[in-house]
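A.B. asks: Protein chains in written order, with the numbering used here: chain L, 1 to 347; chain F, 1 to 426; chain P, 1 to 122.
Hints in this document: simulated from the structure, not taken from any laboratory. For each residue, glycine too, the CB sits at the ideal point set by N, CA and C. Hints may be right or wrong, so weigh each one.
[To be verified] Residues from chain F shown here face chain P by an in silico Cβ test under 10 Å; the list is partial:
hint, residue
1, Asn241
2, Ala265
3, Tyr284
4, Asp287
5, Lys288
6, Phe314
7, Arg345
8, Ser397
9, Gly402
[As the list claims (entries may be wrong)] Where chain F lies over chain P, by a calculated footprint (3+ residues, C-beta under 8 Å):
hint, segment
10, 4-17
11, 26-35
12, 52-61
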Amino acid sequence: MLKVVHYINQFFANVGGEEMAHIPAEVREGIVGPGLALQQAFKDEAEIVATIVCGDSYFNENMDEAKKTIIEMVKKYEPDLFIAGPAFNAGRYGVACGTIAKAVKDELNIPVLTGMYVENPGADMFKNDIYIVATKNSAAGMRDAVKKMAPLALKLAKGERIGASVEEGYMPNGKRVNFFEKERGARRAVNMLLAKLADKEFQTEFPMPDFDRVAPNPAVKDITKAKIALVTSGGIVPKGNPDHIESSSASKYGKYDIDGVMDLTEETYQTAHGGYDPVYANIDPDRVLPVDILREFEKEGKIGSLHRYFYTTVGNGTAVKNAKAFAEEFSKELVADGVDAVILTST
Amino acid sequence: MKLELGYIFIKDIQFSDVSKVEDGTLYVNKEEVKALILEDQNFQKADVELAKPGESVRIMPVKDVIEPRVKVEGPGGIFPGMINKVETVGSGKTNVLKGAAVVTTGKIVGFQEGIIDMSGPGADYTPFSKLYNLVLVCEPVEGLKQHDHEKALRFAGYKVALYLGELARNLTPDEVEVFETPTLTEGLKMYPDLPRVAYVEMLQSQGLMHDTYVYGVDAKQILPTMIYPTEVMDGAIVSGNCVSACDKNTTYHHLNNPVIHELYAEHGKTLNFIGVIITNENVYLADKERSSNWSSKLAEFFGVDGVIVSEEGFGNPDTDLIMNCKKIESKGIKTVLITDEYAGRDGTSQSLADADPLADAVVSGGNANEVIELPPMDKIIGHVEVADVIAGGFDGSLHKDGSITAELQVITGATNEMGFNKLSAR
Amino acid sequence: MKKMIITNNDWVLKKYNGKFTVVYIDGTFKDVLLAVRDKLHLGHELLTHPLGSSVKPGETPIKSIMISDEKNKINFSSVYMIENAIITYDKFNKEKLKFLDDKRIEDFKLIDLTVLESALNI
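Bound-form chain L, shown alone (with noise of 0.2 Å):
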């Protein structure tokens, strides 16, 4: 009989909810919550041995910890799979889900299984590197999760050969895989046609690479009348990080004055970002975000002026939809003060 490891988070397992998100992770024998549904589906093919139980705000916020402690868990059971969730639309749990996972895919080399709602952030970061089977967007789609990772699960620890995402229900993950469909290719071209020719719904077969592309604006007429801004995904706050943007996967964006600032200094600002070596951020943040420079050249009459805010977030993980959230909000303000153009910088 195959050995499975299940991970859930603190809700799932009836712990309780947000104010039980502290939890460490903690081993139980046997199943725990949601994977009942699992064992039924594996039926006398495979056997939950072990449910890990781990607070969403511990594992988040702890995470080589919590990825270390949890890793000796598992390998104590030498499990045939790792399966994660289903983490539904939980975005935490879901980043919690996919990064547990892949750990152990990648440290005790066994094969892992998770399952989510396609637009928790979790899957962007981890569909291509581990599988991920597409969800609802709640808990209420328990059974079709389970539906769809029970066998999917099974291949996974048998080691058979893994269908193209469509058979088997994972998210596309970059990885073109080969399988006869019902109809030929051309009965498929009209119908497809059909479809586009009537505005409904169709599904193309093989999506272009992402076009994300932002046409330029035409060029600043005047750069020495022009007020310029700065915006960064680099991270760069006040010193103590006063709204709290988060590590990675930021959920929110910061707005700060810079009136009379001249210099970011290692006494005043640093970086919220944990998704590159901060130590050289944090001893110069102008380096991320470079107000010394700007302020010299404004003092040169090399760009109009600087603008009063700078606008900031983490860009580490986080999800394009948020992202493009903030800016469609903060551009608005920009455009309301008068800025001309703004210099944007990552890391």
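Based on these hints, arrange chains F and P on the given structure of chain L.
C.D. replies: For chains F and P alone, coordinates are given in the frame of chain L:
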């Protein structure tokens, strides 16, 4: 233009003293076929073999596959401009030996390619494993130039296909299908509530072993033009293409063009099938621009709402495909493209050599780089040593037991870009 | 327009040197692509598709590409096309190329020559 296709279903093929069709069996006089091939003095020796579905047989290297047909009524003959006189075909009656095919093989160049397995996993990927095949193995005379060899082999295939087709002239078809396309003015008035659709067919046209012929004309010399869909069923377009086995269109594909058949199947029900635009895939970039300008102009001139564009071959045709798509879409005509992919052995590479956001509706014929295992076969027709050098083969791909490890691209017709197959990729 | 051919096919060099500017590259298919890319960066225009022919980069070591002899403003669609060709080239397994015999290399030279000539209308 109206054409009746009369299908005589072939359920077996055998050698016999007299060539004939009886009770669904195609009897072939081997010596007559050999003599027909050897009429061409470019060949010193010819052999003829049978390959039936389910047999432990591997055919390689395949050049072309041709369906036997005969013109029973109406002007012209099959393969006009090639074998028969340049007369406009596509009307009247044509009989078809459905289920039979002539397969030509031969080593024109050292890297000749194309496998048809009649059973086993390889058979699932090629439509020709389901046919009763007469396989021609022709040996050229010493020192025959590649150009001449290619042409001789091409014509041997047509001649034998017509010879077999002739056997169907006086037979009563088991089933008749009627295809009709009216004039443009009449066609546009028909079915006013249905969207008007045309088919843009891209023809490979890049030099020796990369060519397609339309009424005998090398397609690289044409400007894009219109053709009645039924003309194609009478062999107005033939293949001289011997590279990229998996995604070249054989003459069989042209005769049985799946896009044309599927559009006819919906004609008058969900769409109004106006006609076919043929265009080429030349190497010269200015030609690509001119041809795609022309195909989009024709689509506009036809007043259609949507088109299906099919591709042929690897690499540079991706550029033609995308140019056609962009220019047709920019005229407000919706497109669906049919292509195949070269996503690398692990499936993670960029699939096409060109791309555009307007290409938002694409049908995939599968990843031609995916590695497959072909078990040994009892009998090899053609040249077994070719396995190591055919496209996608690599050193050691031919194992001691006769099995082959290779990329899918070795299999004739496997990732066809007319959408002939069910294979796809995600 | 005056034309330049960049090639590692000595048959092309022999036949067209003098009629066109022929730059002979003593190297691989990839070396030809890179040489063409470098020329395009200087403002030459691509005239034939760098992946002309369906013979794949994993099969043939031979390549000829035609560009404009004159330099002009950098042509971005030329650069885009050569970059895509390089990406496409790189994804093919080249294991087979190690085992080519002279006869097969000659066949590839012939195919390359005819594909080039299809663009020259010869």
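A.B. asks: Does each hint hold? Answer for all of them.
C.D. replies: Here is what the structure says about each hint:
1. Asn241: holds (8 Å)
2. Ala265: violated (30 Å)
3. Tyr284: holds (4 Å)
4. Asp287: holds (8 Å)
5. Lys288: Because about 7 Å separates Lys288 (chain F) from the closest Cβ in chain P, which is inside the 10 Å limit, the hint holds.
6. Phe314: holds (4 Å)
7. Arg345: Arg345 (chain F) check passes; min Cβ-Cβ to chain P is 6 Å, inside 10 Å.
8. Ser397: Holds: closest Cβ of chain P sits about 9 Å from Ser397 (chain F), inside 10 Å.
9. Gly402: It is violated, given that the least Cβ distance between Gly402 (chain F) and chain P is near 19 Å, above 10 Å.
10. 4-17: violated (count 0)
11. 26-35: It is violated: at least three residues are needed, and the segment 26-35 of chain P offers just 0 whose Cβ sits closer than 8 Å to chain F.
12. 52-61: Result for this restraint: holds, n = 8.
Checked against the numbered hints above, the structure violates hints 2, 9, 10, 11; every other hint is satisfied.
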